[in-house]
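Take the given structure of chain A and dock chain B to it, following the hints.
Listed in order, the protein sequences are those of chains A and B.
For the first sequence, the numbering used here gives the first residue as 1, with consecutive numbering after it.
For the second sequence, the numbering used here gives the first residue as 1, with consecutive numbering after it.
Hints are computed from structural coordinates only; laboratory data are not their basis.
In this text the structure is predicted, and so the values were computed from the model without any measurement.
Some hints could be false.
Pairs involving identical chains hold if they fit within one copy or between any two copies, as the list cannot separate such chains.
[As the list claims (entries may be wrong)] In silico lysine to any residue, SDA-like type, Cα no more than 20 Å apart, as pairs:
no., residue 1, residue 2
1, 19, 31
2, 574, 559
3, 673, 146
4, 197, 389
5, 592, 89
6, 279, 21
There are 2 protein chains.
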Amino acid sequence: MSQYKVIGTRPIRHDGLDKVTGRAQYGADFQAAGLLHGRILRSPHAHARIRKIDASAALGLPGVEAVATSADLPDPGNRVANLGEGAIVLRHLSNNCLAGDKALYHGHAVAAVAAVNGHVAEEALALIKVDYEPLPPLIDVQKAMEPGAPILHPDLVTETMTGPSEDKKPTNIAKHLQYKLGDPDKAFAEAALVIEKEFHTATVHQGYIEPHNATALWNPDGTVTIWCSTQGAFTVRAQVAELLQLPVSKVKVVPMEIGGGFGGKIRVYLEPVAAVLSKKTGRPVKVLMDRAAVFAATGPTPGSYIKVKLGADKSGRLTAAKAHLAYEAGAYPGSPIWAGCVCIFACYDIPNLQIDGYDVCVNKPATSAYRAPGATNAAMATETIIDEMCTKLKIDPLDFRIKNAAREGSRRADGPTYPRIGMIETCQTAKNHPHYKAPLTPGTNPAFPRGRGVAAGFWFNIGLKSTVAASVNSDGTVSLVEGSTDIGGTRTAVAMQLAEALGIRAEDVRPSVADTDSIGYTDVTGGSRVAYATGWAAYEAAQDIQRQMCERVAALWKVQPEEVRYQDGGVVSKNGAAKRLSFAEVAAEVQKHGGTIVGRASVDPPWPGGAFAVNIADVEVDPDTGKVNVLRFTAVQDCGKAIHPSYVEGQIQGGSVQGIGWALNEEYVYNAKGELTNASFLDYRMPTSLDLPMIDAVIVEVPDPKHPYGVRGVGEVPIVPPPAALANAIHQAVGIRMDVLPMSPGRVVKALAAKSK
Amino acid sequence: MSQYKVIGTRPIRHDGLDKVTGRAQYGADFQAAGLLHGRILRSPHAHARIRKIDASAALGLPGVEAVATSADLPDPGNRVANLGEGAIVLRHLSNNCLAGDKALYHGHAVAAVAAVNGHVAEEALALIKVDYEPLPPLIDVQKAMEPGAPILHPDLVTETMTGPSEDKKPTNIAKHLQYKLGDPDKAFAEAALVIEKEFHTATVHQGYIEPHNATALWNPDGTVTIWCSTQGAFTVRAQVAELLQLPVSKVKVVPMEIGGGFGGKIRVYLEPVAAVLSKKTGRPVKVLMDRAAVFAATGPTPGSYIKVKLGADKSGRLTAAKAHLAYEAGAYPGSPIWAGCVCIFACYDIPNLQIDGYDVCVNKPATSAYRAPGATNAAMATETIIDEMCTKLKIDPLDFRIKNAAREGSRRADGPTYPRIGMIETCQTAKNHPHYKAPLTPGTNPAFPRGRGVAAGFWFNIGLKSTVAASVNSDGTVSLVEGSTDIGGTRTAVAMQLAEALGIRAEDVRPSVADTDSIGYTDVTGGSRVAYATGWAAYEAAQDIQRQMCERVAALWKVQPEEVRYQDGGVVSKNGAAKRLSFAEVAAEVQKHGGTIVGRASVDPPWPGGAFAVNIADVEVDPDTGKVNVLRFTAVQDCGKAIHPSYVEGQIQGGSVQGIGWALNEEYVYNAKGELTNASFLDYRMPTSLDLPMIDAVIVEVPDPKHPYGVRGVGEVPIVPPPAALANAIHQAVGIRMDVLPMSPGRVVKALAAKSK
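Just chain A, with the same shape it has in the complex (with noise of 0.2 Å):
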């Protein structure tokens, strides 16, 4: 019997009604008095210089009422903030959203307009006259590391371990992390095996169903409303304080519900030009993105070139690893390539090992995160080579991962040694696996072959900063306000958090997502950090419902506090006869006088051990065509304890599917000129459920140590291990070792016709 009454049960989420029905508010639903639209144009080159923008066209054209360049922005100079997902330099955030003297990528915004209507609004756009000098693009990553390279940021200096580069030579190269354990070229001297591959992998999107939105409203008084989907109400409200110059506390930002993030909808886009657009025309304006923008204009995870070399002993005992791995950071710096480095090897305990990271500046949207950003990039890299070696030294791969899983008390590549966590069981739980136990079954045409592959992966979930406030009402019920704006469920899973704090049932908790001026400060919604952190602080606030409680009843009953404590959903006299008033009594009594009961509490927890997850993946491969079937799909994770099962089954499962697409179909196609040419859902392939198998998401529940209820976060590590899986399953079935993403059928067939010959 489960120690819990609530956590592990799987209520009926709270929101749900409203999103099944319609009734949920997103941001594009928003309306407002006076409501103008704005729409924004966009560079149709990939590198221009632009000299100049004469928007008087467009502002004669009737209903026109304002146009935006980034000369209206402030110049929020060069300092370095970490705004929500990493560090970046203001000036590069301001003119991402408005570019400055350059046009960095094809899709950039230039110009904004506001009008009556969306339709005057993008007929005003083709009159606004941009002169452009057209630049070389520079779309390849390992092309733009090269010396002589078309330079993006002439001011650009590479940052080190040790700060700034010396040398000053023009770069597109903006960091190099490097990571050292041990001796690695003595252990791969040493070592009975080693295979050495490079990877490459293309851009990706995360593909959310709901376009970027923002409307705003500057009032005369200085504030400034925005009501927008976002990952992070907080997060908006900082980089719009910092892009307008404006203190924080004269920003509110209004969640709306969110249509998908995974990741992109962190960083700002359109909100500081709804702002200007608002404040030159003193009346609300509303920007949408249509789905070509998204594509073009907002961050997708980074194409990266990887190179790694791995040594073993002949038992099978990894002992050396070293990695270079170059990742695009598109127009600005900033991809994940500390994740990166630091994930690469995070599933594994290896005693030497190097790593070298690039963030590396190329004409493609600034890259941003996506789900363990940086992490299956990697992955494909390590986890396919290990394969490689598994069949070489004839170990079985689920063994080998076992033998070298990375364990309390390893050293990960950055320095910390890990705590409790869940590597060996779930690499233990797959082995166990009745998939794992079966053979593959034949096809019905023996002409296409079939194949399994398992990979393993990690992410490292977060911590930070989570306030939750909770109103204990006169029936027994608690209204629950939180920070976290609500992307996978979270609401239903802090409320549960809450619940079984207090004794009550999950539908007792009504959870609601604030504005920023309705709640303490609480980071972004990533990381796999709510059900962590703002549970935890939900854990906290209900600390703080009990102790005012007891101090109630204690006044109620005439004795001291410390002789009565909470304990199963009420309060119970220490001493002498048992005495109690349930959860809902002590509601009700409380309403008759002295006040209500207010919990409240604001976390800042130490990050959690991190997570694990392992793929098992059948396939079949037409040889033909290249065509990927994936058969057969298991998806085993640790994720601490499972609040709500269904909705870590579903991230397990929505995670593994993304990186399904990432590995048979997805990527940024680009023409010479570096023009992005399938921004569409009909161009770019994501995976539709024709594609995919049931995907089996087995949970494996490792408490975190730390945290009350042993919450790991399980948003993002399903995402890492699915690529090299299939890719292992695909050299499995037809012997090929795909050594790029998406190993989409063309790609398949080239790589057959390149072993056959």
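Chain B in isolation, oriented as in the chain A frame:
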């Protein structure tokens, strides 16, 4: 120099700009996708049995989506509940929203229609066939008390001080209260001067500019959301929950801005109706009243019949008092008779008294609160008799009041003794005021006599429950969330108390009024309680912030929490060197690690000592038309400590003006059928700026000793003295003692004619 930095200053109100620019969202501004528009069918009869309602023709009109009658509301039963403005029988509250088997006043809601727009809804009202059996109407409170009067509620039993009356004969008397002190009969027999008089006061309306409105969405999951303009979101929640038989947590009330309430926007009228229409249609439904409906069917303040007898000794010491008060309840029991009884002699320390109060049903709209409910009627009687005594005894009327004034330790008619109060200081301030010292100036037309009158008034401001939450922002500001709807600048008055307690500027607090899901329980905005109780909660929340700041700074300085303290807007080291971090520095520091700081408090404070006001009024009477011109008007009031003097002055001025309107012109005019014949601002004569002199508001500050800042509450008592002050001035001008309100031109002419006979 003031002991305060923020309290007593006059910052610009936080919501001012939104209101003057039209950005503020009132209930009627609410829009939603699929919104239906509701209208109410009202009874043409003052008293009628409803035999049958046939809505088939209305339902057949294209565009009509639903019709609702009382049959659609669950019967909440005969339970008595206090849901915001005094006890009420739940079935009565329900039947006032949609009439049960009887229509009890002209304009009583009988049925409701929801349609695609308001025009169709109004057209549909005409198609609803109601089969009425008219009954004799009863609009006079004295006739209603007579044996054999028509009976409104056949099952009504008079409630007395000791429980239900044993006399089970049908009656319209819902309540009989009686308070006694000493031996009044003996005291009257010994008195040197005894005066007894009868008074009649008309039904008057609060006359707020914004009509009632409510939008409801009944979700299929059984939750109901209400958007409305109300004095108390939680009060609406409680009423809607009771009337729809839902737990309170299933009802969410979103308070929109409110365009005046004065007590009249506490009871629900439209909210449950909008909710059932939404339940029937599955769509949001907005119901609006027009001005005629506001007059005819929302709660005015009771008309009354009052008989008062006062006895004094030769020196002018009041020795005995008796009062008989009969207040119109309107259609359902619930007039403010208790307040009338307690207030009628509350300004004075009278050793022997008896007060009998009656709550009497008549065929008028159910009365509701209006600024110091019940006290103005009562003061008209006592204060004009005292004036007559002063004339007869040749004592200055302010000296008389000072001599008899209630003071700390005086006993109030209903039992409690006063704490520190300011009646004496208020009278003394009036006496020393230049207005009182200046002689009456003669008019240009000697045929228009002039006179001066004074009068006093009492109102017991209340306490009740308030909750606030306050989140510290990284820029050194605070986001303040409160449950009190803001009808008179209380966002600012509460924010100022928080600012004072933290040693920051009022402008550095950003207040929001939250919905019922987003803040702890907070009682109605009424009883002059918000600046007092919600301000107190803000003070306590500031203490909570101070405590946390001290803990955090102690950790930062690596000292024990008791080694630091909060002082002058910052945390300082108690021992050793003068270490100090300002509030803003701590706010920025805690943002870096350890979570933000959120203060919260929920209070239920003891009631303040009560408020006293004295008016000095100069008038000129046109003897031909009976028109009374107010020449000069000074309103002196003990406000405790005035938080924001401008808003205190505004409350004094607004209340005085409403009292002047009540005194001179306002009244409900009924014809013999019981039909209200002046339900418009054209025919119901409220004073305009052209009718009024500048109201000189004089703030007396006798701090309430319990409140952290000495606040008493200021909103209601200013309405109490004006009718009596004007009556006394009229007497001085033309020698007539008016005993009826309003003292409209016709009545004054009639009294002048009677005098000259």
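### Message
So, against the hints stated earlier in the document, which numbers end up violated here?
### Response
none
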